[in-house]
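Student: Sequence:
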Amino acid sequence: MAEARCPASCGELLQGWILGGEKLVSCPVDWFSTVCVVDGTPLPSERPLMRAALGAVLRYAGLPAQRAGTLRITFDSTIPLAKGMASSTADIAATAVATARHLAIPLPIEALAALCVSLEPTDSTLFPGLTLFDHLTGTTTVPCGGLPGCEILLLESPNQLRTADFHQRDLRAILQESAPALNRAWHLLQQACKTDNPWLLGEATTLSAVASQQFLAKPGFDALRNIVEGNNLFGINVAHSGSVVGLLLDSHHHDVEKVTWQITNHAALAHHWPRHYLLRLIAGGVE
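So our numbering is basically just the index in the sequence shown, starting at one, shifted up by 136.
None of these hints come from the bench; they were simulated from the model.
No residue lacks a Cβ here, since even glycine has one placed at the ideal position from N, Cα and C.
Hints may contain errors.
Said to hold, decoys possible - Here are the computed distance ranges between Cβ atoms for each label pair:
1. 388 x 320: 36 to 44 Å
2. 297 x 412: 17 to 25 Å
3. 388 x 205: 47 to 55 Å
To be verified - No farther apart than 25 Å at their CA atoms in a straight line, the calculated lysine to aspartate or glutamate pairs in the DMTMM-like style are these:
4. 394 x 166
5. 330 x 292
6. 330 x 393
7. 394 x 365
8. 394 x 313
9. 394 x 339
10. 330 x 166
11. 394 x 423
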């Protein structure tokens, strides 16, 4: 028996045309998918992508596909699905690592990333640190070099959007138009990580969030930005291919109850964002 867990993401800190192609930096938070792999027959409750990840590990190790029929997957995850919270990446990465551990197969992070990308577009939450990642091909991996201390008030929408469906759209022209803003955001994010500066982090994420409005507009976005600015929060970030939004803050210095009250007492925002979670930004990585 072996277990592993991978964090969810509150959308992305950045996503867009950076360093010559589409890339992202996920926003890992302290909310996890935990997966256990044991000897036994597969269960009907297993998620298809978890089973696919298990099979991919067997292929990576050169083991017969029939071995999958002797392995059972159990899991514990309350990460909302199809909201832009990296639920699929969490499931896939945790399953792959749990499978490798159970079979005593070395699975370096580079191999894990390639395995995940082979199954679907992948978030950078699987890396043990904030990372700029080519989520479509896995060919670019650039560590950001730090973790600014920050919390996130995650706003969950009832709307769902499958990442795979989103990536069927051809957004290349729109993304390239926003390249200057995203390269500026990437520079700010690197500085934020080097200096542990949440203000620079918020400036970077806000630039990326504003750019994303061109291809996946968030309802009530301007009203949320007014709340951010009115309460002197660090910034706002979004799921660029999902429906969640994050408000970057520090609960020791910002009045989270006031911010939540302002959202719940704004008719449109209360309708679009009925659920709120105060979460901590973490480095990421499969544990």
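Student: Which hint numbers doesn't this structure obey?
Tutor: Numbers 1, 5, 6, 8, 11 - these are the hints that the structure violates, sorted from lowest upward.
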